[in-house]
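A.B. asks: Go ahead and model the full structure; you've got the sequences and the hints to work with.
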Amino acid sequence: MTNNLNALADKTESVDAAAEPARGFAQFDTDAIGPVQKLQRFLHSYPTFVPLIVLAVSLIGFGLFAGSKFFTPYNMSLIVQQVSIIGILAVAQSLVILTAGIDLSVAAIMVLSSVVAGNLAVKLGWPPIPSLLTSFLVGTGIGLMNGFLVTRVKLPPFIATLGTWNVFYALNLYLSGAQSIRGSEIDQTAPILKIFGESLSVFGTKISYGSLLFVAVFLVLWYALTRTAWGRHIYAVGDDKEAAELAGIRTDRVLISVYAVAGFICALAGWSAIGRVGAVSPTSFFEGNLQSITAVVIGGISLFGGRGSILGPLVGALIVGVFQSGLRIAGVDVLWQLFAIGWLIILAVAVDQWIRKVSA
Amino acid sequence: MNTEVTPVLSARGLMKRYGRVVAIDNGEFDLMPGEILAVIGDNGAGKSSLIKALSGAIRPDSGEIRLDGVPISFSSPIEARKAGIETVYQTLALSPALSISDNMFLGREIYSPNLFGKLFHQLDRQAMNDIARAKLAELGLLTIQNIQQPVETLSGGQRQGVAVARAAAFGSKVIIMDEPTAALGVKESRKVLDLILKVRARGVPIVLISHNMPHVFEVADRIHIHRLGRRAAVISPKDYSMSDAVAIMTGAMAAPIAA
Ligand SMILES: Nc1ncnc2c1ncn2[C@@H]1O[C@H](COP(=O)(O)OP(=O)(O)O)[C@@H](O)[C@H]1O
Ligand SMILES: [Mg+2]
Chain A
126 MTNNLNALAD KTESVDAAAE PARGFAQFDT DAIGPVQKLQ RFLHSYPTFV
176 PLIVLAVSLI GFGLFAGSKF FTPYNMSLIV QQVSIIGILA VAQSLVILTA
226 GIDLSVAAIM VLSSVVAGNL AVKLGWPPIP SLLTSFLVGT GIGLMNGFLV
276 TRVKLPPFIA TLGTWNVFYA LNLYLSGAQS IRGSEIDQTA PILKIFGESL
326 SVFGTKISYG SLLFVAVFLV LWYALTRTAW GRHIYAVGDD KEAAELAGIR
376 TDRVLISVYA VAGFICALAG WSAIGRVGAV SPTSFFEGNL QSITAVVIGG
426 ISLFGGRGSI LGPLVGALIV GVFQSGLRIA GVDVLWQLFA IGWLIILAVA
476 VDQWIRKVSA
Chain B
2 MNTEVTPVLS ARGLMKRYGR VVAIDNGEFD LMPGEILAVI GDNGAGKSSL
52 IKALSGAIRP DSGEIRLDGV PISFSSPIEA RKAGIETVYQ TLALSPALSI
102 SDNMFLGREI YSPNLFGKLF HQLDRQAMND IARAKLAELG LLTIQNIQQP
152 VETLSGGQRQ GVAVARAAAF GSKVIIMDEP TAALGVKESR KVLDLILKVR
202 ARGVPIVLIS HNMPHVFEVA DRIHIHRLGR RAAVISPKDY SMSDAVAIMT
252 GAMAAPIAA
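Protein sequences, first through last, are from chains A and B.
Numbered per this note's numbering, the first sequence spans residues 126 to 485.
Numbered per this note's numbering, the second sequence spans residues 2 to 260.
Honestly, the hints are just simulated from the structure, not real lab data.
Note that beta-carbon positions come from the ideal geometry of N, C-alpha and C, so glycine has one too.
Not one of these hints is a red herring.
Pairwise CB distance ranges (calculated):
hint, chain 1, residue 1, chain 2, residue 2, range
1, B, D69, A, L258, 48 to 54 Å
2, B, R60, A, P316, 53 to 59 Å
3, B, R60, A, A303, 48 to 54 Å
4, B, S77, A, A475, 37 to 43 Å
5, A, L415, B, E29, 55 to 61 Å
6, A, P316, B, T92, 52 to 58 Å
7, B, A183, A, L460, 55 to 61 Å
In silico contact screen, one side only, chain A against chain B (beta carbon under 10 Å); selected entries:
hint, residue
8, R166
9, Y348
10, A349
11, A354
12, A361
13, D365
14, E367
15, A368
16, A372
17, R432
C.D. replies: Structure (structure tokens):
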């Protein structure tokens, strides 16, 4: 959470500036704006604000109504652990969505990568490190293929990744025979595959390495998106591809790199998922692609590209986790989780549409 | 025209077809050192196509382009930019969600001098902000701050200012501007014209594509009249009236032999 707060502090400077557009320039007219437009501009400059409020309100709400088991350090760390896989997929998804694309293949890349690592290490007896490296090559390779289909074959991202989703999910079922590799087998041959299921105990919490990985992936990508030229280019390409091209950015290279990095991150999620599930499970996280899109959208990243902070999906994933945990502890039927998440998605996209109207 | 002076940028025999449409038909072009050359012509005459060929945004089917007398051929705007030709496109080519400073350095960012800069192309925001601020100030565009605000919070004239400042900051040989005042009100147009004069005062020649005759006649040293994909005439605004220029542009008056 501190990271979010830092980002908030970071952003306030530019928010102040945005509220008074003409101040820095001489002789151009300033237009007076009302409080509603002020809010609109504020959210425009800081799209993670809405999800942060939703997270805070839902934490307080469930803390008050779900009973004393909700607000325990243990439950809080459990929520983070439970959303860690979808959260990592959401990072990959965010990169692609920031370029105004979408990646339906994230979960397929993830399970296939974990099956490749498991098959090589457990069934074929490869040493664990080369097995894992191969799984990363597979993930990155599929990402490259997505990027190639989008930029060179010029397929819409939705179609390209709908295709690769099916192709590689089928390959995943073929390679695994739709059978899990049990945890006990992994423990005997390559325990490092399950490393992200291990946890530390600090002050009554149970922090898994998978949760730490989840946060670390967010921080690394936050750095890349806000502090490096590559990150600026991703926003520029998503914002207006033609403008970016004319400004001298090799937009196709940026897109290919984005899909490839997304594939790599999915492979990382695949490794972490082995620890989370306690086994190599080719049929788990079947809805991971849609859940990652949910986290991204609830987190305030615009489906139209070029807008939103990578910290948004972190908050988005946590919101989903808080709802699931809170409703479960309160003894509410699972269907109401879906009901609530569905409304959150609709609300988030409606807010985004409204915010985008600001561009004057 | 002084025949001893080599044009900074020139073209001979340029052709560009889009299917059956001939956008550039045996196009000729000369830009002399230090001048503002206006390019005028009817809608669809091929002005933008000519300018895109000169700035590397499209590849002509045939013909020759010379920069400082040396034949060149650009396969992308990036190459033209590297050669010192900057273009302010009609669409501005700015990324609205990025800051003024990020936009000015888009595609040619300054990296941190440390290891992070080398390894990850980490941005040297301080340096970028300082230079962007200095460049805007130089053109009288910025009284004090705030270089970090997103371009989409700026007015049309301010955006145009940012695009011009970006071109002026990096354009060492030629600056091309496509319809820079077309989308602006009277006050903002005034500001942009002043900007153009300021840029010329620094010695960089400018190609100004415009529909606006009063603007053209106010700032141009010479006027290139484009008609049906080719150069119909080059005139001096001192020798011809605005209605003459329009007449040549529409074909109502025969084109004079030389300017
Ligand atoms: N990308 C393109 N595809 C097809 N036709 C084009 C394209 N760009 C320009 N043209 C055509 O070329 C001609 C010249 O256009 P343009 O260079 O934009 O003229 P101007 O800028 O003088 O209005 C027009 O007939 C236009 O329709
Ligand atoms: Mg045009």
